[in-house]
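K.L.:
Make a model of the complete structure from these sequences and hints.
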Amino acid sequence: MTDNTSHGSSTPDHEEETTRRYYETSDVDAFYDAVWGGEDIHIGLYAHAQEAIADASRRTVRHAADRVADLLGPDATVLDLGSGYGGSARALVERFGCRVVALELSEEHNRRHRAANARRGLDGLIEVVTGSLCDLPYEAERFDVVWSLEVLCHVTDRDHALAEAVRVLKPGGALVFSDIMAAEETPAQALRPALSRLGVQSLATLSFYLEHLSALGLKPCFEDRTADLTTHYARLDEEVHRRRAELRTVIGPSYLDGLLTNLPLWTDITHRGLLRWGLFHARHTEAAPHRGPADRP
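The working numbering puts the last residue of the sequence shown at 503; the count rises by one with no breaks.
Label pairs and their calculated CB-CB ranges:
#1 ASP276 x GLU313: 32 to 38 Å
#2 GLY378 x LEU328: 23 to 29 Å
#3 GLU417 x GLY330: 38 to 44 Å
#4 ASP261 x GLY303: 22 to 28 Å
#5 ARG448 x GLU417: 38 to 44 Å
Dumping the calculated EDC-like pairs for lysine to aspartate or glutamate here, alpha-carbon to alpha-carbon at most 16 Å:
#6 LYS376 x GLU347
#7 LYS376 x GLU345
#8 LYS376 x ASP350
If you are wondering where the hints come from, they were derived from the structure by calculation, not from laboratory data. Since the model is a prediction, treat every value here as computed from it, not as a measurement. C-beta: ideal position from N, C-alpha, C; glycine also.
P.N.:
Quick look at the structure:
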């Protein structure tokens, strides 16, 4: 179910526009606030099967940052692709003192992001930008780290988005990202009912990412955490069903009923081994040309 096509366009595609419209609805915000904690909206790394979703999601951010901690500090700049509510950006700034450019399609999310940064006194270190992953408005070799958590699944032209991310990466810099992927040879029709709620048409595979990262002159490493994906959707399904009476007071009935129907589909396909998830960490190989024009205590 890999999307291997290149559409030759640097403008936001239909799938990105669908994503923007989905995430800008008040029901979606209420869902992420009530169930996910409203700070990070990533797949979690779980210490145990009943851990709070928000705690596990924050652990994902810390764990991803550990992979690139040697590149981060007060002189470093990170590009956060698909920054959402800004949880990753704030965590990186508070931990490392680095600067973050946070790029996100949704201006609604960006307004919320900027307000949270101002409340925490971080707006001087985080620049929030509305834009597309496929048309980065930055010169080549600008960023020490390019970061993205569960965003590429919303992009049709993933090979172009990867090329753009590598183009703006400094020599010796690192690309760190996670994504929900189809297991190799998973038929498209098996995933389509679950994906429909998010407006996602297809998923990449692990082999797609490894091949494209290598072709872009990076040495990729992948940490498989698919078991956490299974736990995550089981927890979401459990929380929404357990709290459905409470959630009806903050989420519209149509959207909530859709969640009650859709989340069991995600639980099913994760239990059946049709998806993969984990963390990619990729750096330039010493011999390869760049393609494209430490913690503080």
